[in-house]
Amino acid sequence: MKANIRILALVMAALLMMSSVSSALAADDGYASSYTYNYDYWSDIRESPDAYRVNNVIYSGDLSLEVPMKRPQSLFVQGDYIYVVDTGNNRILEILRDGNNFTLSREIKEIAGTDVTALNNPNDIAVDEEGNMYIADTNNERVVKVDKNLNFIQAFTKPADTTFDQSLSFLPNKLVVDNSGRVFTLATNVNKGVVKFEANGEFTGYVGANKVTYSLVDYVWKTFFMTEEQRAQQESFVPTEYCNIYMDEDSFIYATNVSFSEYDLLWDNAQPIRRLNGIGNDILIKNDRYPPIGELYWQETMTDYHGPTKFVDITVLENDIYVALDRTRGRLFGYDSQGFMLWAFGSLGNSEGVFASAISIEHMGKDLFVLDQNEGSITVFVPTEYGELIYDASEAYLKGDYDGSAALWEEVLKLNANYNLAFIGIGRALMRQENFTEAMEYFEMAMDRDNYGRAFRLWRKIWVEENIGWMAIALAVIVIIPLVLRSIKKKKMEVEAYERNQVVK
Amino acid sequence: MSATKSLSKEMARSARKEKWERYVAALKYAKYVCFHPFDGFWDLAHEKKGSIAAATTFLVLFLITHVLKLMYTNFQFITAPLQYVNVFEQAASLLLPFLILCLGNWSLTTLFDGKGRFSDIYTAMCYALVPYIVIQLPLVFISNIIAFDEAAFYTVLMSVSVVYSLALAFIGLMQVHDYSPGKTAIFVVVTVLAACIIIFLILVFFSLLSDALSFFVSIYREVAFRLY
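So the sequence lines, in the order shown, correspond to chains A and B.
Quick note on the numbering used here: the first sequence kicks off at 33 and runs consecutively.
Quick note on the numbering used here: the second sequence kicks off at 427 and runs consecutively.
Derived from the structure by calculation, the hints contain no laboratory data.
Heads up, a few of these hints could be off.
[To be verified] Heads up, simulated SDA-like pairs for lysine to any residue below, C-alpha to C-alpha not over 25 Å straight-line:
| # | chain 1 | residue 1 | chain 2 | residue 2 |
| --- | --- | --- | --- | --- |
| 1 | A | K446 | A | I77 |
| 2 | A | K318 | B | A573 |
| 3 | A | K493 | B | L565 |
| 4 | B | K495 | A | Y73 |
| 5 | B | K495 | A | W491 |
| 6 | B | K495 | A | N483 |
| 7 | B | K495 | A | D482 |
| 8 | A | K102 | A | S92 |
| 9 | A | K224 | A | N309 |
| 10 | A | K493 | B | V582 |
| 11 | B | K495 | A | E476 |
| 12 | A | K318 | B | A506 |
| 13 | A | K493 | B | A577 |
| 14 | A | K141 | A | A187 |
| 15 | A | K318 | B | P507 |
| 16 | A | K493 | B | I572 |
| 17 | B | K495 | A | M479 |
| 18 | A | K318 | A | E350 |
| 19 | A | K318 | B | F574 |
| 20 | A | K493 | B | S569 |
| 21 | A | K318 | B | A577 |
| 22 | A | K493 | B | T581 |
| 23 | A | K493 | B | I568 |
| 24 | A | K522 | A | L507 |
| 25 | A | K493 | B | F574 |
[Stated by the list, open to error] Taking beta-carbon pairs under 10 Å as the criterion, some of the chain A residues facing chain B (in silico):
| # | residue |
| --- | --- |
| 26 | Y73 |
| 27 | M479 |
| 28 | D482 |
| 29 | G485 |
| 30 | R486 |
| 31 | R489 |
These figures come from a predicted structure and were not determined experimentally.
Ideal Cβ positions, reconstructed from N, Cα and C, are used throughout, including at glycine.
Assemble the whole structure, with the sequences as input and the hints as a guide.
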């Protein structure tokens, strides 16, 4: 007995050592590890393997800049070029990426062929495929379009329209350009939505104004308790401005919104991320249990951060996967096209892979760039094996390769057994293969009611078809035989009564 | 000697049989209460048609129904994090409010010429639970043979069971105390307040008790410290 226990203890000790060795091996991949997580069905945080790792961080020194970056505001990627809008220095940096080498290809401070040539407080840039640049030249009150040699082509200036308050300056802050050259810009002090210009420079209105929101308390207070003078002094309820916009490949505008009340966020009235169609309606798909609002809990006193997630920028990858950047926590949130959260990572801080004040996010393929306005740095994230698997699996499913997608999701589950999307993915593939009972098991593990219901109905149909024979027999036994027996009994009694009558007669 | 013994045995058996028959009759009476609530509750309280044993049976069945519902309803229709559910806690979380509400109602109505005694109130309330049991137990099974988009069927029956039971409870209180509907409505509201006060008193009692205990414990420690 004693010997047994000793052997058991030895085995346990060996197991413990092995597990610690293997975990040490797993952790030591040579890259800084960050805390990546996802929410499960109960909206509990589930830690996960890292979806991205820091490839490198680009500082002003790495680009051999004479004047370091000062309060850079925006990033843009076109082809192999990264454009950094270095607002504080009134310039735009064009960086060429060649693998892991990032070299400064030019500094844009001035344009040619117009009266005002020097950029003044530029805030955003967009570059089309021919290399034409659209620059939000904020303090010059224009969006300027130049060709790739910086020759002036066109300027989009203050709309001469009654809907635009002519006493205000036109201060374009963020801008996107669609495939046909239309310019959409967010201007400071304009709360009617995204300002839209046609390719010829004509102002054609606003897209997707935020709804006016106010709390019931405010409304009651203002309507019933304020005097006329107080009411006149207080500003009226106005819609809030968007924070940032991004144009995806299909020319839909993704807009983020940071001014809302926390209460609205909980009930999804705030809609911090929107996908605007041509007439300005929000068509973002939200199939998850909770909407894409970033952090689900922000009242906890344990954390150093306070307040809800504020998405300061957003970028849209292939397959409508979008990544939004939270300035409250310096955190990146990835969502797929159906609104399911893929992962979240990143925090505030001073080391590699965390941010002092993250302001802009862009992507090149699957790699992510995050601009830090205080540090004047660009952090380059590349997906890990785990991150790649998630992307590949969802892509395979979208392409219709269900078996391939299931195999990839199995790989994901090996790395993270808490990943709900993988269970759903495998379940959907199984359902396509008409393996309904197993599909139901996977959907139940992911607590996916809709898909479970779908698989269940198909399974039930088959089950009923297979078992209709004995079910009919059972029905006959239960219902028809008692009926027959009863009628026989009745007949018998009638006969008896008749016979009795005969006897009496 | 043996004759008297067998006779007494016989009597005991017949008494037991009679008791059992009365119990079964009291159980069966629930059907009459459900479909003729005004008559049913009146006779329940004033003609002794029900029994406390039967009532307690219904209460236990009610708790069992609740637990079975949590455990065996298909996940499509219930969002209980089963890994955190404690069956006894769940049962107690229904039983205690039930008893406290009965107590609260009794302690008020007895002051405002309610005719019902505590046992009458308890019996009536337990009989009012019957529709909940009768509808929800089959629903646990049904939830496993319907899909999520057929949920309308399930939710309608679910709410019918609750509304039916609440209506029965209301009529039950009315008949037991011989109150008018308006007065019953007022007393339902006041009963909830009374229940809150009872809970408050229980909490105060236990906190004072623990204070008193800790006082004596600290005296003992002090004395022990001085003596040694």
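Checklist entry - Taking 25 Å as the top limit, are the C-alpha atoms of K522 of chain A and L507 of chain A close enough? => result The hint holds at about 23 Å.
Checklist entry - Are K493 of chain A and L565 of chain B close enough, with their CA atoms no more than 25 Å apart? => result It holds: about 21 Å lies between the C-alpha atoms, which stays within 25 Å.
Checklist entry - Would the pair K493 of chain A and A577 of chain B pass a check requiring their Cα atoms to be no farther apart than 25 Å? => result Between K493 of chain A and A577 of chain B the Cα gap is close to 17 Å, so the pair holds against 25 Å.
Item to check | Interface hint status, Y73 of chain A versus chain B (Cβ within 10 Å) | outcome: Since chain B brings a Cβ to about 9 Å from Y73 of chain A, closer than 10 Å, the hint holds.
Item to check | Restraint status (C-alpha distance of K102 of chain A to S92 of chain A at most 25 Å) | outcome: 10 Å, holds
Checklist entry - Under the criterion that the straight-line Cα-Cα distance not exceed 25 Å, is the pair K318 of chain A, F574 of chain B satisfied? => result With a Cα-Cα distance of about 19 Å, the restraint between K318 of chain A and F574 of chain B holds, given a limit of 25 Å.
Checklist entry - Any CB of chain B closer than 10 Å to the CB of D482 of chain A? => result 6 Å, holds
Checklist entry - Are K318 of chain A and P507 of chain B close enough, with their CA atoms no more than 25 Å apart? => result 23 Å, holds
Checklist entry - Under the criterion that the straight-line Cα-Cα distance not exceed 25 Å, is the pair K318 of chain A, A506 of chain B satisfied? => result 23 Å, holds
Next on the checklist: Please verify whether K495 of chain B and Y73 of chain A have alpha carbons no more than 25 Å apart.
Outcome noted: Since the Cα atoms of K495 of chain B and Y73 of chain A sit roughly 20 Å apart, the hinted pair holds (cutoff 25 Å).
Next on the checklist: Would the hint linking K493 of chain A and I568 of chain B be met if the CA-CA limit is 25 Å?
Outcome noted: 16 Å, holds
Next on the checklist: For a C-alpha distance cap of 25 Å, please report whether K495 of chain B and W491 of chain A respect it.
Outcome noted: 24 Å, holds
Violated hints are absent here; each numbered hint is respected by the structure.
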